[in-house]
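2 protein chains.
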Amino acid sequence: MKKEGKLIVVSGPSGAGKGTVLKELLDNHEDFVCSVSATTRAPRTGDEDGVNYFFISKEQFLQQIEQNGFLEYAVYNNNFYGTPRKFVEEKLAAGKNVILEIEVQGALQIKKLFPGAVFIFITPESFEVLCDRLRSRGTESEDIIENRLAIAKKEAPNALLYDYIIVNRDGKVKEAADEILACVKAESLKPLANRDIIATYFE
Amino acid sequence: MKKEGKLIVVSGPSGAGKGTVLKELLDNHEDFVCSVSATTRAPRTGDEDGVNYFFISKEQFLQQIEQNGFLEYAVYNNNFYGTPRKFVEEKLAAGKNVILEIEVQGALQIKKLFPGAVFIFITPESFEVLCDRLRSRGTESEDIIENRLAIAKKEAPNALLYDYIIVNRDGKVKEAADEILACVKAESLKPLANRDIIATYFE
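Chains as they are written, first to last, in this note's numbering: chain Y, 16 to 218; chain A, 16 to 218.
These are calculated hints, taken from the structure and not from any lab test.
The reader is advised that the hints may include incorrect statements.
No copy labels: a pair is met if it fits in one copy or bridges any two.
[To be verified] DSS-like mimics (lysine-lysine), calculated; alpha carbons at most 27 Å apart, straight line: (1) K126 / K73; (2) K73 / K127; (3) K18 / K187; (4) K127 / K187; (5) K127 / K111.
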């Protein structure tokens, strides 16, 4: 029987570079997959259905909630976001490490369901760098940026509830991806994961 | 100011290959050093004073205990073994990761003094493999081997008190050394080690 994969929950403020770090990881390690969330928000330019998100209607979303189709869901900026249960359970059973890139609210729900999941918070090296990054993108209005920064400030204390905090420094994406690997490796070395080996001393 | 190094405590039964794994690590990573223990046991063939151990008399050992010269000490097979305090404290202050290869009794003493140390237990993949390894060395009498195996059995449950259990599989010494690196890396990513970064969100 194949060893079950590890569930990895990744959160962090908008502008932390979560997507870039996860792409680096996924491109180089085929034992990792990323779960695709469902959302009721409208697709933005460049969004691909089934790649960035599954774009569904509010009615479809509510129906899937009723059918227990989500591992977690949350409302964020007036839109629903949810993690489809089936994909995650199948991939874990097939031995893949499954990454959920989700908001803090959803992460707390996952912690109850999967106490053995690895919780990783990604942040730039400071709030100041976060401000600079969001502004230098030049793709969003100052209003939207201010809103994101306010959310980032509000959610930052939750970082201390995660298992690990990874700093995504400018130009150090590979280092950040390697740190995710180290966290997942270290989790697999915890005593409970290896008690069968210790048990052989008593046979 | 240089960031203080990490204290790493390594234990495991005689025959687990702790020395081989640590040599692999130390030979390739100069930010790691191994503490040299003091002992009252007689040097064996090949033992070098100051390399394998500092060989001292029982009187000298007792005097150093009185002068608070050891971080921990323990009696094992009727001999004293201790970790000289000064070396460890100086190296940590200089930013080196310091490895203590010590017995379970000593490890528990270190846990009280350095709650932030990383505790790693090294074991072969099973007790059976441990028996085979000790016997195939062919250097020790069956009496001594039986005694070591009895100690291994007695101490095995303590493995579950360590932070990590690393399995040193035959021919996989590099993998085991890399796992130590992953554990040390992961420890540096824990929330408390990074709370200064989160604090910048509130400035």
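- [ ] Since the copies are identical, ignore which copy is meant and state whether K73 and K127 lie within 27 Å (CA to CA) inside a copy, between copies, both or neither.
- [x] within (26 Å within a copy, 55 Å between copies)
TODO: With 27 Å as the alpha-carbon cut-off, assign the pair K127 and K111 to within, between, both or neither.
DONE: within (21 Å within a copy, 38 Å between copies)
Task: Up to 27 Å CA-CA - K187 versus K127, copy category - done: neither (32 Å within a copy, 36 Å between copies)
- [ ] Indicate which option fits the pair K126, K73 if close means a Cα-Cα distance not exceeding 27 Å: within, between, both or neither.
- [x] within (26 Å within a copy, 53 Å between copies)
TODO: Measure nothing new, just compare the shortest in-copy and cross-copy C-alpha distances for K18 and K187 to 27 Å and report within, between, both or neither.
DONE: This pair counts as between: shortest inter-copy Cα distance 20 Å, intra-copy 32 Å.
Of the numbered hints given earlier, the model fails hint 4 alone.
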